[in-house]
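Following the hints, put chain F with the ligand in place on chain G, whose structure we already have.
From first to last, the protein sequence lines stand for chains G and F.
Under the numbering used here, think of the first position of the first sequence as 46, with each following residue one higher.
Under the numbering used here, think of the first position of the second sequence as 2, with each following residue one higher.
Source of the hints: derived by calculation from the structure; they are not laboratory data.
Here the structure is a predicted model, which means the values were calculated and not measured.
Glycine included, C-beta positions come from ideal geometry on N, C-alpha and C.
Possibly wrong hints are sitting among the right ones.
Simulated restraints on C-beta separations [said to hold, decoys possible]:
1) F/Ser62 to G/Thr111: 51 to 59 Å
2) G/Arg174 to F/Gly157: 17 to 25 Å
3) F/Glu92 to G/Asp172: 52 to 60 Å
4) G/Asp190 to F/Gln150: 51 to 59 Å
5) G/Gly151 to F/Thr148: 51 to 59 Å
6) F/Ile39 to G/Arg188: 30 to 38 Å
7) F/Thr148 to G/Arg174: 43 to 51 Å
8) F/Arg48 to G/Leu95: 39 to 47 Å
Per the computed footprint, the stretches of chain G lying under chain F, defined by three or more beta-carbons under 8 Å from a beta-carbon of chain F, are [claimed, not checked]:
9) 138-149
10) 185-195
Not close to chain F: a few residues of chain G, all C-beta gaps over 12 Å, as computed [to be verified]:
11) Gly70
12) Lys82
13) Thr111
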Amino acid sequence: MIQPPTQTAVAAAFPALVWSEFRGGTRAVVPRDELYKTLEFLRDRHHFDLLVDITCVDYLNYRGATDRFGLVYLLAATETNERLTVRTFVNEPDLVVPSAVPLWKGADWMEREVWDMFGIQFEGHPDLRRILMPEEFTAFPLRKDYPLQGRGERHNFPVLTREEG
Amino acid sequence: MAIEVPENVVVSRLDSLASWCRKNSLWPMPFATACCGIELMATGASRHDLARFGAEVFRFSPRQCDLMIVAGRVVMKMLPVLQRIWQQMHEPKWCISMGACASTGGVFDTYSVVQGIDRFIPVDMYVPGCPPRPEQLIQAIIDLQDTIQREGTISGREFATRQRQQPKRALVELPVITLPRGVSHLPQGVRIE
Ligand code: SF4
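So here's chain G without its partners, still in its complex pose (with noise of 0.2 Å):
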């Protein structure tokens, strides 16, 4: 839910948001290059301090859909009881999203797990490490290309005999 005030005056000040209502919930789309003005004027016009996740959807094979992935951001505002949906798309092989981090501490590690488990790269993440998966892990299982058993990884170890043990 979103106060009527605030979606005037974000529409306002970003005339590039497509703006949606899906039960009770608003959602707002906007242009990569858009991103990171429109989380800071959130976050520094409408009290919108908490970053609630961060989550991506792979959108290949999806009906209807036209680009590839779809990022997106759970913002709060604590003192107003508001919450946004802010959503952006992004596309192979250009898979660069500026970093959130600097706005919420929060972003660190939620950003980490969308780099481990989707590939997105955030620019200017002080530590973009893996978070979940091992460190020699070379793919991104949930993307929708990935095949669910894997591609053998979870075998690739060495076998221990009573003699070695």
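Relative to the frame of chain G, chain F with the ligand by itself:
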């Protein structure tokens, strides 16, 4: 020529004496990574009371244990840890794979979950179930005790047998079934070549 022994002396083989000592004081190493671990705790707790079988002293240091109980899924990132802990345990040592996940990967047939720990470390006893009841785990421990008594040797020669050396199953991937477009599941009895 008969040798006379006093009445309170029992004659036995050294192997069987050592095995008898070992089997009655197993020290489990709980490698509990998921829900099966809860049943493992229940097994050690007062109601099921693993102490009746001499295996109640759970130690969290591999150096002090001789029975590893793997209870739960083991993922790619955890497997090197599992192997290292197994290597840190002193001989003689045994391993129980508890539950569907540890034995086969269970329902988690995904990129990150190892499809059975017996592919990478030697396993002596499997416990089926999801999760197995504490009675099943106790039965596995009793069966393991029988095995130790039956085959055990003081020098651990039984571990050198070929069958104990190899991983239990071939390292083959199950085929990945790809369904035709628009089909969400296979009708019973239909096979895809
Ligand atoms: S076998 Fe069942 S209870 Fe045990 S770890 Fe797997 S899912 Fe959990």
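These are the hints, each one checked on the structure:
1. F/Ser62 to G/Thr111: 51 to 59 Å: 57 Å, holds
2. G/Arg174 to F/Gly157: 17 to 25 Å: With Cβ atoms ~43 Å apart, the hint is violated.
3. F/Glu92 to G/Asp172: 52 to 60 Å: 42 Å, violated
4. G/Asp190 to F/Gln150: 51 to 59 Å: 54 Å, holds
5. G/Gly151 to F/Thr148: 51 to 59 Å: Holds - the Cβ-Cβ distance for glycine 151 of chain G and threonine 148 of chain F, about 53 Å, lies within 51 to 59 Å.
6. F/Ile39 to G/Arg188: 30 to 38 Å: Holds: the Cβ-Cβ distance is about 34 Å, inside 30 to 38 Å.
7. F/Thr148 to G/Arg174: 43 to 51 Å: 45 Å, holds
8. F/Arg48 to G/Leu95: 39 to 47 Å: 45 Å, holds
9. 138-149: Answer violated; 0 residues pass the 8 Å Cβ test.
10. 185-195: holds (count 6)
11. Gly70: The claim holds: glycine 70 of chain G sits with its nearest Cβ about 29 Å from chain F, beyond 12 Å.
12. Lys82: Non-interface label stands for lysine 82 of chain G: nearest chain F Cβ at 37 Å, farther than 12 Å.
13. Thr111: 21 Å, holds
When the structure is compared with the earlier hints, violations turn up for hints 2, 3 and 9 and for no others.
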